[in-house]
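Undergrad: Protein sequences appear in the order of chains W and S. Under numbering that gives the first Met the number 0, the first residue of the first sequence is numbered 0, with each subsequent residue one higher. Under numbering that gives the first Met the number 0, the first residue of the second sequence is numbered 0, with each subsequent residue one higher.
Hint data in this document are derived by calculation from the structure and do not stem from the laboratory. Warning: the hint list may mix true and false statements.
To be verified - So the derived label-pair ranges between C-beta atoms look like this:
1) W:Gln371 <-> S:Pro59: 53 to 61 Å
2) W:Gly391 <-> S:Ala313: 44 to 52 Å
3) S:Leu154 <-> W:Ala120: 25 to 33 Å
4) S:Val321 <-> W:His351: 53 to 61 Å
5) W:Ile105 <-> S:Pro59: 53 to 61 Å
Just so we're clear, the structure is a prediction, and the values are computed from it rather than from any experiment. Beta carbons are placed, not taken as given, at the ideal position from N, Cα and C, and that holds for glycine.
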Amino acid sequence: MTTESGPITSGPLSAPVLKVDGASKHFGGVFALRDVSLEVAGGQIHAVLGQNGSGKSTLMKCLAGFHEPEPGWELNVNGEQLDRPLRTGEFRQLGMSFVHQDLGLIPSLDVTENLRMIQLAAGELRHVRWGRLRQAAGRLLAEFDVEIDPAETVAHLRPVERALLAIVRAVDELRRWKEKTGAHGGVLLLDEATALLDREGKARVARLVRRVVADGAGVVMVSHDLKEVIGVAQHITILRDGVVATSVGYQEFTGPDGVESLIEQMTGHRRNVGAIARARRESPHGDGIAARIADLRGGLVREFSADIRQGEVLGVTGLVGAGWEDVPLLVYGAKRAEAGVVRIGTDETPIHAITPRKAVEAGMGLVPANRQEDGVVGELSIGANVSLPVIGRFMRGGLLRVRRERAHVDALLQRYRVVPPEPSLSIDALSGGNQQKAVMAKWLSTAPKLLLLQDPTQGVDVAARERIHDVVWRAARNGTAVLYASADYEELEAVADRVLVMSDGVLVDELDGDRVTEDAIAASALRGRTIAQTTNGEVRTT
Amino acid sequence: MSIETAEAVAAEVTVSGPEVDPPPAAKPRETARRRGNSLQKWALVAIWIVLIAVFGALMPQSFLSAQNFQSLLGSQAILVILTLGLVLPLTTGDYDLSAGAVLSLSAMTIAVLNAQQGWPIWLAVLAALLFGVVVGTINAVVTVLVGIDSLIVTLGMGSIGTGVVLWIGNSQTISGVADALVEAVVGTRLFGVPIAFYYGLLCCIVVWYLFEHTSLGRRMLFTGRGPRVARLSGVNVTRIRFGSLVASSFLAAVAGVLYVGTSSAANPGAGEPMVLPAMAAAFLGTTAIRPGRFNAWGTIVAVYFLSTGITGLALLGIPSFVQNLFYGGTLVLAVVLAKLARRRYVRDDAS
Numbered sequence: 000m001t002t003e004s005g006p007i008t009s010g011p012l013s014a015p016v017l018k019v020d021g022a023s024k025h026f027g028g029v030f031a032l033r034d035v036s037l038e039v040a041g042g043q044i045h046a047v048l049g050q051n052g053s054g055k056s057t058l059m060k061c062l063a064g065f066h067e068p069e070p071g072w073e074l075n076v077n078g079e080q081l082d083r084p085l086r087t088g089e090f091r092q093l094g095m096s097f098v099h100q101d102l103g104l105i106p107s108l109d110v111t112e113n114l115r116m117i118q119l120a121a122g123e124l125r126h127v128r129w130g131r132l133r134q135a136a137g138r139l140l141a142e143f144d145v146e147i148d149p150a151e152t153v154a155h156l157r158p159v160e161r162a163l164l165a166i167v168r169a170v171d172e173l174r175r176w177k178e179k180t181g182a183h184g185g186v187l188l189l190d191e192a193t194a195l196l197d198r199e200g201k202a203r204v205a206r207l208v209r210r211v212v213a214d215g216a217g218v219v220m221v222s223h224d225l226k227e228v229i230g231v232a233q234h235i236t237i238l239r240d241g242v243v244a245t246s247v248g249y250q251e252f253t254g255p256d257g258v259e260s261l262i263e264q265m266t267g268h269r270r271n272v273g274a275i276a277r278a279r280r281e282s283p284h285g286d287g288i289a290a291r292i293a294d295l296r297g298g299l300v301r302e303f304s305a306d307i308r309q310g311e312v313l314g315v316t317g318l319v320g321a322g323w324e325d326v327p328l329l330v331y332g333a334k335r336a337e338a339g340v341v342r343i344g345t346d347e348t349p350i351h352a353i354t355p356r357k358a359v360e361a362g363m364g365l366v367p368a369n370r371q372e373d374g375v376v377g378e379l380s381i382g383a384n385v386s387l388p389v390i391g392r393f394m395r396g397g398l399l400r401v402r403r404e405r406a407h408v409d410a411l412l413q414r415y416r417v418v419p420p421e422p423s424l425s426i427d428a429l430s431g432g433n434q435q436k437a438v439m440a441k442w443l444s445t446a447p448k449l450l451l452l453q454d455p456t457q458g459v460d461v462a463a464r465e466r467i468h469d470v471v472w473r474a475a476r477n478g479t480a481v482l483y484a485s486a487d488y489e490e491l492e493a494v495a496d497r498v499l500v501m502s503d504g505v506l507v508d509e510l511d512g513d514r515v516t517e518d519a520i521a522a523s524a525l526r527g528r529t530i531a532q533t534t535n536g537e538v539r540t541t
Numbered sequence: 000m001s002i003e004t005a006e007a008v009a010a011e012v013t014v015s016g017p018e019v020d021p022p023p024a025a026k027p028r029e030t031a032r033r034r035g036n037s038l039q040k041w042a043l044v045a046i047w048i049v050l051i052a053v054f055g056a057l058m059p060q061s062f063l064s065a066q067n068f069q070s071l072l073g074s075q076a077i078l079v080i081l082t083l084g085l086v087l088p089l090t091t092g093d094y095d096l097s098a099g100a101v102l103s104l105s106a107m108t109i110a111v112l113n114a115q116q117g118w119p120i121w122l123a124v125l126a127a128l129l130f131g132v133v134v135g136t137i138n139a140v141v142t143v144l145v146g147i148d149s150l151i152v153t154l155g156m157g158s159i160g161t162g163v164v165l166w167i168g169n170s171q172t173i174s175g176v177a178d179a180l181v182e183a184v185v186g187t188r189l190f191g192v193p194i195a196f197y198y199g200l201l202c203c204i205v206v207w208y209l210f211e212h213t214s215l216g217r218r219m220l221f222t223g224r225g226p227r228v229a230r231l232s233g234v235n236v237t238r239i240r241f242g243s244l245v246a247s248s249f250l251a252a253v254a255g256v257l258y259v260g261t262s263s264a265a266n267p268g269a270g271e272p273m274v275l276p277a278m279a280a281a282f283l284g285t286t287a288i289r290p291g292r293f294n295a296w297g298t299i300v301a302v303y304f305l306s307t308g309i310t311g312l313a314l315l316g317i318p319s320f321v322q323n324l325f326y327g328g329t330l331v332l333a334v335v336l337a338k339l340a341r342r343r344y345v346r347d348d349a350s
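Please model the entire structure based on the sequences and the hints provided.
TA: Okay, structure coming up:
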C-alpha cells in the first residue's frame, strides 16, 4: 500500500550492525524464544514479523536488557561482541535505539521537551535555553520532513505525528551516540511502533524510515502487519512459536505468491479471505430495519444517519479523523453527542442524553478500540471481566451465586475459544487476541440488539482476527444489528455486508454487494476526502 | 449461495483456523501462584501470633492477662468501624481523610445535645448519624459530581469538621452523656468482651458480605480498578462512588457514637489522630486474607495486629512517640507490601 517505489536494493549494505546468534529464552520451562539468530546490515531495513506469542516481543526485550536470554547467545552490536545478557539501559551505549508501541512520549509536555527528554533526564543540559532548543528541534524535524510545531503539546498531535516524533527522537539519539563515540552504524528498533496507525500513517512512517537508513544505520521493524513491511523492508524474518520460521531477502517475497507464502509462514496455514467474505455476504439477512441512527452530531461527526438491517454487519469507515471512529462512541454515550436519535426496534432514545448505562439498558454493547483502558481491567480475573455487565443476574436471595457465574463464564470461554479458558487467571495473562475474544464474549452474553465495534482487532494477530470476524458475523445472522467501525479495509471486506464511507465528518459513499472490496473501500475513502475538501474550498471562496 | 453453504464455509474457517496453543505452563504456574497466595493470605495472622507470643514471653503477667485482651478487643472496635468505613471509598478509588473529623463531630454532637441541651439520647445519636451523612454527601457532591480529587476535598472537609467540633463544643471535652449509651456500648459483656467488639465484628461481616457476596461489591471493585471499563460496561460509577463516600462518613459517625459510649464524654481531638492508624490498617489489610484487595477480614486482622503492637510496646514502657513511628512506619510499609502483592498478579508477558 505504500506509494513510493520498492525497497532500495542496491544500497550501501555494509558490515552487520546487529548480529544475534542463538538467542533462547524460556519462562518456567516453556520456550518463548528458541535459538533465534538475526543479522541486520548497516543501511538495511529488516522486518521481524510474527503473530502474538511468536516471540518477537521477547526478542526485543532481550535486546533491551529487560529479559535475560539463556546462556549461550552471542550478540554483536556495531562491532561490539558480547555473550552475556545486557544490563538495563546498556543498549544506549551500544548504539541501539528503541521505539516501542507506547512511543514513550509524555503527552502533557511539548514537542521540544519530549525530543530532549533523555538529555534532560541525564542532566546533560544544564543551562536550558528553550528558544534555542526549539529552533534546533524545528531544524531536526524539518530535516526529516516532519511538519510539527516544536512548541506544540504532544497531547494535541495526531497519532501519526506522535509516532514520527518518537522515531525522529530515536534517530537523533543515535546521532548523538555516533558523535560521542565516533562509531559508525547504529541500530534503530521499531517495536510495533506503528501498530496503532492507519495505512496512510504507516506509509508516512515508512518514508521516514527510508531516510533513516540512508544515514548508514540499520533498522529493525517489528510488526504483525505484513502489508506494512512489504515494499519497505529488504529482508524479512518471520518468527513463529519462538523459532525463526523463515528469513528471506527482498527478491523472494515480491509478487503475490511470495506474499501468500509469507502469510502461510506466519499463520502456518493458507487462508482465503475473499471466498469466505463473498459466501458470508451472499448468505441472506433480513430486510427489516433493526436499528436506526438519525442525525447524529458530535465529536468528529458533523452529520451521520444510517439504518442497520436485521442480521446485517454494517461497516463504517474512512481515513483516520474522518469521523467513523467516533460513531460507535457517540451512539453509546461513551463520548458526548450534541444531537441524534437511536432507534432499536421500536424504542427511541435521544443520543445527546444517553449514558453507557442507558445504552446497555437499551440493548447495546460496545467493543472499544483501546482494550487496555476501556475494554478490560487487566489485573482482575478473566471471569470477573467477562461477567461484569450481567453480574446482577447471579444475585439470588441476596447472595451472589459464584458457582453459577463461573459456569456461565466457563461456557462463554469455551464457546468463543478464549485460550486458556481459565476464569480465575488475571486477564492480563491473555494475549491481545484472546483478550478481545473475551471482550466479545462479555458483550455477546448480554444478547445485545445493537453491537457497536470500534476497531476491534487493533493489536490482534491474524488467527484471532479471523475468529473475531467469524463471531461478529454469526452474531449478526443470529439477529444482532452490528455496526463495525474500522479503518482496516481488508477487515471490512472480510466481515461487512455493507460499508458506509465517511469524510470530514459526513457520509460520502455507500458500498454493498460486490463493491465491498478492500480496493474499492480504500479508493472511496481517499476520494471522499478530496471531494469534501473541494466543496469546502468552494464554500469558503463564495 | 445458500445459508447452509455459507455456514459450511464459516465452519471450515473455524476448523482450519490455527488456534493459539494455551501456554502449557499456565497450570503449574497457577498452582505455584495459589500456593504462594495462601502463604501470603495468612502471613499477617502468623506475624500477629508471633507478636503476641513475644510480648507474652516478655510480660506473661500483664500482657497475657484475659483482662488485657478483653479491653484490647473492646477498645479497638471504634478503629475497626472507622477503618471499615475508609475501605469502602478506597475500594471505589477515593480517599476519605475527613473520617476522623466526622468521628469527633458525631461524638461532640451527642455530648452537646444530650449532656448540655438535654435531648433524649436516641435523638442525639440520630442527629450525630445524620451529620455523618451530611458531611459524606458534601464530600461526594464535590468529589464525584464536580470532579475534584477526593484527597483534597476530604482534607478540607476534615478541617471544616474539626472547626465545627471546636466551635459547638467550645474547644472543651464535654462529659455527662446518658448512661444508657455507655451501657449499650461497653456496659454489656459477652464472653467477658465488651459488646462494642461485636458491633465491630458485625460491621466487618456486613462489609465482607458486600464485597464477596453481592454484585454491588463486584461493581465497586471495577469502579476502583477500572472506572472507564466499569462505566462502559454499564456500571453506574457515579452512584457507586457517591454511595461509598456517604457510607464512609456514616460509619465514621457510628464510630463516633461508640467513642462517646466508651468514654461517656466527647473530646474535640478524638478522631483526627485515628485517621493515620485507620489508613495504615486499611492498606495493611490488603496484604492479608484476600491479598491485593481492600477486604473486611484483612482489615480487622490489621487493626488488631497494630493495636497489639501498640499495647505491647506501651506495657513495656516504651515512650509514646514510638506510636507515631509504629503507625507511620506501618502505613508506608503496608503500601509497599500492597503494591508488591498486586504486582505478583501481573505476569511476565512471554509474547
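Undergrad: Confirm or reject the claim that Ile105 (chain W) and Pro59 (chain S) have a C-beta distance inside 53 to 61 Å.
TA: holds (59 Å)
Undergrad: That 25 to 33 Å hint for Leu154 (chain S) and Ala120 (chain W) (C-beta), does it hold up?
TA: Distance hint for Leu154 (chain S), Ala120 (chain W) holds at roughly 32 Å.
Undergrad: Could one say that the CB atoms of Val321 (chain S) and His351 (chain W) fall in the range 53 to 61 Å?
TA: holds (60 Å)
Undergrad: Verify the CB-CB distance for Gly391 (chain W) and Ala313 (chain S) against the hinted window 44 to 52 Å.
TA: holds (48 Å)
Undergrad: Hint says 53 to 61 Å; check whether the CB-CB distance for Gln371 (chain W) and Pro59 (chain S) agrees.
TA: holds (56 Å)
When the structure is compared with the earlier hints, no violation turns up for any of them.
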